[in-house]
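For chain A, the structure is supplied; the task is to place chain B on it using the hints.
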Amino acid sequence: MSTMIEGTGVIAQYGSLGAATRAVEKLRADGFEDLEVFSPIPAPQLEEAMGIHGSPVRRWALIGGITGCVTGLLLTSLTSLAYPLITQGKPIVSIQPFIVIMFELTILLTGIFALLGMLVHGRLPTLRLSPHYRKAFSEDRYGVYVGAEPHRRAEAESAVRATEPLEMEASG
Amino acid sequence: MATPETDARLAAEEAPHLTLLDANEDISRPISAPAWRFWFLLGVVGTIILWAGVAWVVQIRDGLGVTGINNPVFWGVYIATFVFWVGIAHSGTLISAILYLFRSGWRTTINRAAEAMTIFAVMTAGLFPLIHLGRVWYFYWLVPYPSQRMIWPNFKSPLVWDLFAIGTYFTISLIFWYTGLIPDLAVLRDKMTGWKSKLYGVFALGWTGSVKEWRHYRRAYLYMAGIATPLVLSVHSVVSWDFAMGIVPGWHSTIFAPYFVAGAIFSGVALVITIMIPLRWAFGLHEYITEYHFENMAKLLLLTSLIVGYSYAVEYFIAWYSADPIEMASFRWRAVGAYTLPFWIMVFCNCVVPVTLWFKKVRTSLPALMVVTILVNIGMWYERFVIIVTSLAHEFVPASWGNYTPTWVELSILAGSFAWFFFWFLLFSKTLPTISIAEVKEHLAHEHHD
Numbered sequence: 004m005s006t007m008i009e010g011t012g013v014i015a016q017y018g019s020l021g022a023a024t025r026a027v028e029k030l031r032a033d034g035f036e037d038l039e040v041f042s043p044i045p046a047p048q049l050e051e052a053m054g055i056h057g058s059p060v061r062r063w064a065l066i067g068g069i070t071g072c073v074t075g076l077l078l079t080s081l082t083s084l085a086y087p088l089i090t091q092g093k094p095i096v097s098i099q100p101f102i103v104i105m106f107e108l109t110i111l112l113t114g115i116f117a118l119l120g121m122l123v124h125g126r127l128p129t130l131r132l133s134p135h136y137r138k139a140f141s142e143d144r145y146g147v148y149v150g151a152e153p154h155r156r157a158e159a160e161s162a163v164r165a166t167e168p169l170e171m172e173a174s175g
Numbered sequence: 407m408a409t410p411e412t413d414a415r416l417a418a419e420e421a422p423h424l425t426l427l428d429a430n431e432d433i434s435r436p437i438s439a440p441a442w443r444f445w446f447l448l449g450v451v452g453t454i455i456l457w458a459g460v461a462w463v464v465q466i467r468d469g470l471g472v473t474g475i476n477n478p479v480f481w482g483v484y485i486a487t488f489v490f491w492v493g494i495a496h497s498g499t500l501i502s503a504i505l506y507l508f509r510s511g512w513r514t515t516i517n518r519a520a521e522a523m524t525i526f527a528v529m530t531a532g533l534f535p536l537i538h539l540g541r542v543w544y545f546y547w548l549v550p551y552p553s554q555r556m557i558w559p560n561f562k563s564p565l566v567w568d569l570f571a572i573g574t575y576f577t578i579s580l581i582f583w584y585t586g587l588i589p590d591l592a593v594l595r596d597k598m599t600g601w602k603s604k605l606y607g608v609f610a611l612g613w614t615g616s617v618k619e620w621r622h623y624r625r626a627y628l629y630m631a632g633i634a635t636p637l638v639l640s641v642h643s644v645v646s647w648d649f650a651m652g653i654v655p656g657w658h659s660t661i662f663a664p665y666f667v668a669g670a671i672f673s674g675v676a677l678v679i680t681i682m683i684p685l686r687w688a689f690g691l692h693e694y695i696t697e698y699h700f701e702n703m704a705k706l707l708l709l710t711s712l713i714v715g716y717s718y719a720v721e722y723f724i725a726w727y728s729a730d731p732i733e734m735a736s737f738r739w740r741a742v743g744a745y746t747l748p749f750w751i752m753v754f755c756n757c758v759v760p761v762t763l764w765f766k767k768v769r770t771s772l773p774a775l776m777v778v779t780i781l782v783n784i785g786m787w788y789e790r791f792v793i794i795v796t797s798l799a800h801e802f803v804p805a806s807w808g809n810y811t812p813t814w815v816e817l818s819i820l821a822g823s824f825a826w827f828f829f830w831f832l833l834f835s836k837t838l839p840t841i842s843i844a845e846v847k848e849h850l851a852h853e854h855h856d
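If you read the protein sequences in the order shown, they are chains A and B. For the record, in the first sequence the residue sitting at position 48 is 51 according to the working numbering, with numbers rising by one throughout. For the record, in the second sequence the residue sitting at position 310 is 716 according to the working numbering, with numbers rising by one throughout.
Derived by calculation from the structure, the hints in this document are not laboratory data. Careful: at least some of the hints might be erroneous.
As the list claims (entries may be wrong) - Examples of chain B residues lying across from chain A (beta carbon under 10 Å, computed): (1) ALA429; (2) VAL464; (3) TYR629.
Unchecked claim - Facing chain A, from chain B, some residues (calculated, C-beta under 10 Å): (4) THR425; (5) ILE557; (6) PRO564; (7) GLY607; (8) ARG624; (9) PHE831; (10) HIS852.
Quantities reported herein were computed from a predicted structural model and do not represent experimental measurements. For each residue, glycine too, the CB sits at the ideal point set by N, CA and C.
The shape of chain B in the complex, shown without the other chains:
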């Protein structure tokens, strides 16, 4: 692990002529009247969201029968997509909190966007349990409140744990992100004029950067990073227990928690790269987000890919070593049964494609990284689909076997989830600094320190 000094030096070597004022100017420049391309993109994602909304309305009107979920596969695309987005949400806090605690300076230019991704991904993920409920208006039954009959949620149920884990994760990610934003909002308040200055001023809370403010800010930020680290590990563990606590062959496994956490970080880092490449291009942030940052993220991607690949192998080993014929049959069917194609897409995208990242040429080539990361995310969506669907479709008794095919309603809502995520990210990119101004300035100041 590099020291803060080396990180500061490396960051500064790549941007030798930047000053603190440049950081203010360059990073806040994208916050201006959007060009037609922005409106066009917003229109595209807005249309997809509307279409998904229509699909949801159809489902509410006609019931869950419009989806492909039915006996025995009661969890399908919705739950797979839920797990996918919770996974995406993991990279933000990993990059922000864990790398902050390790004092890895290279996180500086990517943490803000990654944290924003976390929040938008949780907002997306949170919709799916509601959509999956069918009768969405009963969602509050999961929330502990003193109801008329004094019936409380079953706190022994992983689904209730999930509500607490995701709720906590969303809240903590939001306040962690907002705390980091306060000094930058003050920068915008001072740069802007008129109502914009007032608006940013309200959210900057009257921040002046006095040493007294920084003193408490630094501690609060450190403690938030400290608690976000175990939290990020717990959230996907809890999500994995939604499955592992059941006795379904293919789910009932003790490796699920670490396996899911590694997969979450893997897919999350992949999406950070997929988004940062066009973001850097669109906003001309080449001097801040450099090849050095992308290479580091690619290394993280390679590491987590190896863990994920190892987990796939261990799952099969455990199935074989258990000598349980049901477990063995379930895993055999996963690879060669009705869902062979999703399974092998998963293996190809998550284990074979990332092998190319061993080569520095691939790690430092942005087009190559773009292709690799998109494939990884396709692979990771399929991983969730494979785990959920193949296990439910092929349980204990042949009489209860049955396949599942998603319908247009589910696929529309899946597409809508991506549009919903990008809709928020687009709004974020034009209204808030996509790179932490204060942290970039901190690095620059250490370089110029006399």
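Okay, chain A solo, but in the shape it has when bound:
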């Protein structure tokens, strides 16, 4: 790995979560922010190393839940008022039995919205996989892609090399 590799960015592969996390921390400390990190497992450590906190999916879930609850209330109340026939001796709008419908719709839309939020923010579904993705990343390797301006290209390569990856290659 002594000669310079062609391309504008560098993809490095690591064999452990620890090594990948340390590499990300070091690369960010060296001033490389254009990183794309791949992991075969969910790894909060990598998120922390990349300086990512939380996810907007929580807002999707909340909005879904509120929408579901309100929909449940409106659906049951308005349809009962549209045909105001007293059944089971209960008031036309009887909140207690309607709570069951409101509850179920709250859960239903929270789940659906959480899924939608995950897809929207994760940019899924997509037909084209990231050009920096390698099949090894769904096996046992952790991948770090470092994008660099042409003038920092050599610097990026040596910074990646210093993190002692198992493999490294150029990527466009």
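This is chain B only, laid out in the frame that chain A set:
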């Protein structure tokens, strides 16, 4: 409750030499061209399904008169089987969601199959209200839609609640299961070649495991687990209210919701064990599903058995304490009347047999667990039968008493429901990873973490 660290350690101690790549290979190995045994089994369940289909066609042609349900027992085997399958569906979400929130690592190797069971069990359960309708083509009357006459469903009716509860449960279970599958589908996409790779690729949605994807995935999965937990408790509560909201002696009781939920988890865990034992053997997954997992499930079975046994006792106590002669007569008749045998099968299978699980030898012996869990499921089917039939057969006025015996049509459809369930499970076991690859790898990675 064990910490994630102890769970990871325990899991890794049992599989000390496994690597992340092993997990990929071992768990996806069963997804290959099936052997003749698979086709044979598929043929057997297919034949039973066809037979049940014939029975259903006969019922549609001749009407509900071909069944044993008649005045006063209008709910029979169909509704008992419906409740049975909804109950089975509960273990999947319990294992996936509740144990996920408690960070119980031992769920890792069983959650996928248990979730699949949930979906197939709801698909099975959902058929029964339709079959029970008789004129199945009118099922959409339950669905709220603006009809020509602007008549909407009666939202005060537990049957409408049931539609919402089961519909929500099916949808949420499906998206929870599918979300968990996405990273594994990407593994299969990368492992396979040709059209198989393309097919798995379509369902993997272009997943690459980038940290940005995981970031949103982890939150979405957590929220789904968070909402699935109250949902799982609500679904069987709502099913229990189908009964408890009526004034029928033997049904009209406030303990029904927790009693049904405990029973659902009890029967669901039992079926998970019954299925996982042959699955582990057939696919050689001994290093992933270990005695430790089975013992934990057996403990859960023992706990829920005690709750169910306690509920049986409390039902009798309430009947006695109410000093209501009708209620007391109904419960006395349940134990010593025309349905004595189903009642005592229920008590024996659900309260006596699980007592053996106090012994570690039984909890760690797979043949013993197989026998116990099959008996528990027989007992739990009888529990639903006893609750439904004995209560309706022996209501307030002696003039309205009457017994019920299922006919060949109902029993054929009951057998068909098991075949239908196993048909889907067999297809699942050969096309998707029966263990969550990503979660197993997560545990292995934490063990090898440097």
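For each hint, the structure was consulted:
1. ALA429: 9 Å, holds
2. VAL464: 35 Å, violated
3. TYR629: For TYR629(B), the interface hint holds, since the closest Cβ of chain A sits about 4 Å away, which is under 10 Å.
4. THR425: 6 Å, holds
5. ILE557: 6 Å, holds
6. PRO564: Because about 8 Å separates PRO564(B) from the closest Cβ in chain A, which is inside the 10 Å limit, the hint holds.
7. GLY607: 9 Å, holds
8. ARG624: Check passed: Cβ of ARG624(B) comes within 5 Å of chain A, closer than 10 Å.
9. PHE831: Nearest chain A Cβ about 23 Å off; hint violated.
10. HIS852: 8 Å, holds
Going through the hint list in order, the structure does not satisfy hints 2, 9.
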